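Chains A and B, in that order, give the protein sequences. The first sequence maps to residues 1 to 129 in the working numbering. The second sequence maps to residues 1 to 183 in the working numbering.
Hints are computed from structural coordinates only; laboratory data are not their basis. Since the model is a prediction, treat every value here as computed from it, not as a measurement. Backbone N, C-alpha and C define an ideal beta-carbon position, used for all residues, glycine too. A few of these clues could be false.
[Unchecked claim] With a Cα cut of at most 30 Å, we get these calculated DSS-like pairs of lysine-lysine:
| id | chain 1 | residue 1 | chain 2 | residue 2 |
| --- | --- | --- | --- | --- |
| 1 | B | Lys50 | B | Lys34 |
| 2 | A | Lys37 | B | Lys32 |
| 3 | B | Lys35 | A | Lys37 |
| 4 | B | Lys50 | A | Lys90 |
| 5 | B | Lys46 | A | Lys37 |
| 6 | A | Lys26 | B | Lys50 |
| 7 | B | Lys37 | A | Lys104 |
| 8 | A | Lys90 | B | Lys45 |
| 9 | A | Lys37 | B | Lys42 |
[Stated by the list, open to error] Sample of chain B residues with no beta-carbon within 12 Å of chain A, all distances over it, derived:
| id | residue |
| --- | --- |
| 10 | Asp4 |
| 11 | Gly19 |
| 12 | Thr30 |
| 13 | Thr95 |
| 14 | Ser99 |
| 15 | Gly131 |
| 16 | Met148 |
| 17 | Lys156 |
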Amino acid sequence: MASATIKRRTEEKPVNGFLTISTISKAVAAGSTWEDKDEFLDVIYWMRQVFGLVQGLIWGLLPLKGFFGLLLFFVFNLGIIYLYYNSFQKIDDEEYGGASEILKEGLMTSFAAFLVTWIIIYSSLHTSS
Amino acid sequence: MLSDCLLIVFISICTALLGEGLTWLLVYRTEKYKKLKAEVEKQSKKLEKKKEGGESSDRSQKKKLERQEERLKNHNRDLSFVKMKSMFAIGFAFTALLSMFNSIFDGRVVAKMPFVPISLLQGISHRNLGGEDYSDCSFIFLYILCTMSIRQNVQKLLGLAPSRAASKQGGGLFATPGQLNTR
């Protein structure tokens, strides 16, 4: 009966969707166990979106410009995600099909959000209309 | 410029919500789509588990895997057909909407970019803008970037994005040969 309830709850959890409260608590706790790979990849995805926005904000405020700014985005974004899953969560990336599968999760969407934020902040603060 | 940028972000959010709303109305809520999608998700997960289990040298196992992939391919194709008609109609409507906004923002520099895009992208980023300053941003470039970031997030928030297993297995009308090969 208990296993049927657990199975039903697992099936009700959104697949490739938003984060639940329990997922967020697991995400902020070091070395959490992730039975559902999609759940962990959702955490990576949404973390990335937030990072993209924050990086765009910071890059626009400083401001950082040019190719250097673009390169730094990838360095920080990939670096932080790598540190998070490798050192903080201690995930074996082989279970997910390699490091690239985790590192590319939500990268392009995050990059687009970063560009939008960077352009808007830079344009409104550092140029005359 | 800031007001133009914020307006473009707002337009992008509205069009993403409208697009998903129309797609839900015409496609997602139909019984046929729900059934096919559930079938594709189930088969994709099964196939992924089998492939993760490692390559089997057993001939009958390989044949079984191929049959399952064929079944998945057919279901994906059926799914694409169900979506196709509605997607064309929605695409048409949005093209008209986009042309309208394009003409409103024609020749207007909506933002100054902190970088100069590569020459391949300058055709879009500097579209209908005068001068040689390629850090000037046109409506369409900012709109495309906004849509790229907003649309997928809207889909995920609304639970309308396909599962990773289904996306990985690919298939459908526009599948590349690589997606259909046995790993």
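Practice problem: List in ascending order the numbers of the hints, as given earlier, that are violated by the structure. | Solution: Of the numbered hints, 10, 16, 17 do not hold.
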